[in-house]
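Residue numbers (our numbering), protein chains in the order written: chain A, 1 to 473; chain B, 474 to 799; chain C, 800 to 1141.
Since the hints were derived computationally from the structure, they do not count as laboratory data.
Each residue gets a CB set at the ideal place from its N, CA and C atoms; glycine is no exception.
One or more of the hints may lead you astray.
Per the computed footprint, the stretches of chain B lying under chain C, defined by three or more beta-carbons under 8 Å from a beta-carbon of chain C, are [to be verified]:
no., segment
1, 742-748
2, 775-787
Which chain C residues stay away from chain B? Per the calculated CB distances, all over 12 Å, these [what the hints assert, rightly or not]:
no., residue
3, E822
4, L872
5, V879
6, R883
7, P921
8, Q928
9, R934
10, A935
11, R946
12, D952
13, D985
14, L1034
15, L1067
16, R1073
17, A1086
18, G1096
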Amino acid sequence: MALLRGVLSSGVGRAGVALLLSLVVLSIGVVLTFPPGFGLTRWGDPAVWADNPKAVPPVWTNVLGGSAAEHRTLSIGAPVDVRQSGPAELRTWELPFAQGTGALPTFLSFTLGRVDYAGRPPSYRLLLVRPDGVEIPLVRDVVRGPRPGETGPYVRYADEPYRVLISSDPAVTEEAADALGAQYGVTIDPASLRGRPEVALFGVPDGAGGYTPLAGDYRFRLAFAFADPADVLAEAKVVLGGSVYGWAGTDTQGRDLMEGLLFGLPIALLIGISAAFVSTAIGTALGLISGFKGGRIDLLIQGAADIINNVPLLPLLIFMVFVLGSQLWLILLVLVAFSWPGLTITIRSMVLGLSTGSEVEAARALGASTGRILRKHIFPHTAPFVVTQMIFFVPGAILAEAGLSFLGLGDPSLPTWGQILEDGFRTGAVFLGYWWWVLGPGLALVITSVTFMLLAIALEPVVNPRLRGGDRG
Amino acid sequence: MSGFISLDGVSVDFHVRRGLFATTPVHAVRGVSLEIARGEHVAIVGESGSGKTTLGRALLRLQAVSAGRIVVDGDPIADLAGDDLMRFRRRVGAIFQDPYASLSPYMRVREIVAEGLVVHGTVPAAEHEARVLAALEAVRLSPAAEIADRFPHTMSGGQRQRVAIARAMVLEPEILVADEPVSMVDASSRVEILALLRELQVSRGLTIVSVTHDLASARHSADRIAVMYAGRIVEEGPAASLVDDPRHPYTRALLAAVPEPDPANRLRDRAVVPGEPPSPAALPPGCAFHPRCPVAIAGTCEVTDPAATPRSGGGQVACVRELPGA
Amino acid sequence: MSPLTPAGETPVTDPAAPLLSVEGLAVEYTTARGVVRSVDGVSFTLKTGGEALGLIGESGSGKTSITSAVTRLLPRNGRVAEGRIVLAGEEVSRLSDEEFRKRIRWSRIAVVVQGAMASLNPVLRVGDQGTERLRADGVARRDAEARFAALLDRVGLPRGTEKRYPHELSGGMKQRAVIAMALTHDPQLLVLDEPTSALDVSIQAQIMNLLKELKRERGIGMLFITHDLGLASDLCDRVAVVYGGQIREIGGTDALLAGPRDPYTERLLASIPRIRSAEAPGFLPGAPPDLRVAIPGCRFAARCPLVFDRCRTEAPDLVTVGEGHDARCFLSADGPLPAVRG
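Bound-form chain A, shown alone (with noise of 0.2 Å):
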């Protein structure tokens, strides 16, 4: 409580303590609201991130200037027109949205969720309704079948929903070419349009092969003909590709930089607080052991000690990597075995020094054995630098497994920040002007390691009492 409240007195520890509390919110947060197995069936799996724009900056660059088209995703709501037909039923759902004479979404998708029929499968049509009266079909197909020997009712795109990507089928090339020709009287090349045919469908041809933007409301019209009236369509949408997306950007496979971000920050201070303990955990007994008991315990510590020390550490964290698998655990495991000497040698030293003061010598003429003169009269004098020395720790733990998933080593089932900066350096994001692949996570490991310092700043003062002001009265 002394010691929090110590920490308090400085601005640097207010600071830090602020930090680590939001870190430590947001790291619940995360944990709560992530789906478990987020690192392979969500991060690792192209299908979820196969609707984002794929290398686009953060949102926040559109405050810098520049305009760039949002990221507009349009789910189906309640139908605006049902209608039988006999026994068939037609349902119409409108999705509106509306197109400035900005930038153009930079893909259009759409994608079928669940699909339950009775008999015979449902058909069904998209639309694109512009301002001046055009409709260009965009999809028309039928929902998939019954295999043979499947037997009713069925149901669909359920696990793995149904997508189509507008902005790559020649058919819809075709569809524009042919409506706005007839409108505006033009001829157009369908083969102009391919793979980009964003500029026709929110455009005017000018006859000269170029478009003028045409702004305005548009909607996509979804019309559905079911056989049975008991047949649901659960969920569809239509994704307009933004060129910005998320407050982090995206990576060439479209994934949300935020959430990985976001993900990895339970991991690093996981990383770094467990770290961080178990090795000062380890380096203070070790080193309260070898003081106190001295001879050949101590001699044994000592010398493992000195050999661990000077043990190069990354070559043979690379080395245990390549032979046993790059997994978290592990990284961690060598991390701490490797991280305990420093420790271990100061805290013999303090021990040695109190083992022999009148405290000591006190407990020990009560006849105190030497389990009780450890722990109530040794190590409380060396709480306060254990402590402290844990904190610094912290960071250091973190950069570590940073560095190491950085040269590739880390754990590809839990994406952390220095697996996202490795991604980013892969690709070559700096050298494609991607550099908000590396801004995000080099950002967050830096706000991180600074809590920290701050905390074992802050606490420096509090602990030691050579800095400590004031008297011992």
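Since chain A is already given, all that's left is putting chains B and C on it; use the hints.
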């Protein structure tokens, strides 16, 4: 003298490492024999390096002896082990010089004083609080309940030393070994602490062995004084007799060096012995005091290490010539 | 007593002025819990011609703060809040730190601090440390070495000590070496802060003898800080008893020892165990006052055996009770103090 505590030819040697392999033997205590009666306060007086603190630690069995033996109430303490050793620990309390260093700054007074009770478990836990408060009252720390809640750093040196005494007394020991109990306490509190020790001695029949460099305090607090020099007891006897009628030249030198608030002192130089006490690692041959002795007999004192002989006023003295009484 | 030289000009030493005059000194420390005035209105003078004044007090009494103010060695959170310090007619309290360090410290006021042995640099030979300031002041190496060798000889150190390192010397020898170093510039004033407290009694007596000799033969003024009235009476012509940041009693050693006129002095004297007397020393119960708390009356009232109502509400001033003998008690002026039991 009935030897409640009996020291018989006690020696303590240390081996100080010099360089990589060589060790130098250091003779901290050399053949000390002393009988201490039950209920007596014996002060061991000496300068730094005289071996007085080492002797005190040997008596507490915090330091093994190299030769000789220490017998407490019939038991040679070197042989004690297990339950017998724990019983010895309950019988012998200890107080140390520095009341700032000897109390844990992380414990409240209550926990400090109760430590002996917790370690030994001979008193039911329910009675600990009462015992602690009684011990605090006994050392005149009141209100005890309020003091028990405090941390040592909020207390004065004198109060802390009382806490240390309470910690030693809570197990109701028969013997108290006090290493310089007042040397780091403010001058104004010294008298009270020494008076407190005297009171405990009288009211509980406590046997006290104190170690000090302060002959004047020893004269007023102890029944007997043993003067140590270079690991030996050079003179030992009833406190008043030893101070009023010193027979060993070193005792005389120590007495002459005590600063007394006497206006006459200013006008004359102190009668001092030259030089400094020898290092226990390099003792002079013969009588260890001879290089500084004003009455050394050339040809004798360099070769003869005098044995203790009975002293006319009681006790013993180790000098080739017992000096005539004053 | 007025400053004869404005700051900045070459000082003119006034032969009629006392060697040291401290007037109305107050020292304040800024602590976490506010400002503490640990010295409050302290005045005394030290005559020329080798007078020694003892400052006696318990720990926390303010005795060390007084001398640290004189030597400008106050810790960083301390400052002289009020008062003047005049050295041989020159108001040294008005000098800048830089000027004080250059012109006054070591050359005119030399300091031997508590635990002086620790102030020796362990990696420099004694001779190099002793001649350092002389050499810095432009004295030729040969002359500086000769001067320091003579001083080492004077303080009773064997020949060749200047070539040895501090760790090769015993505690007593180191203290002698430190005293020799303090004397290299023939200072007018030697400030001794508990110079013997870390030494054994027999060595302490040797050092006290040495100080007495130096005082006699050099006429050097001495300010001797100690908690031990007996030790102070051995060397000092006059003593000032300091308590709670104030002088309780100041006077000639003989008069003060023979008839203390302040109850604190009386109790302090009574509490010293006398080796040659069977009479048990007296008690001085309680602890020194906490100066962080304002005390309305006499600062000794809480511990005083003679306390009466007035003491708790009104603070007594120093009153003159004899020639050069002042005491701070309402009873001081009424002659010898009534006897106290205990």
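Next item on the list: Provide an ascending list of the numbers of those earlier hints which the structure does not satisfy.
Entry: When the structure is compared with the hints, numbers 2, 14, 15, 16, 17 turn out to be violated.
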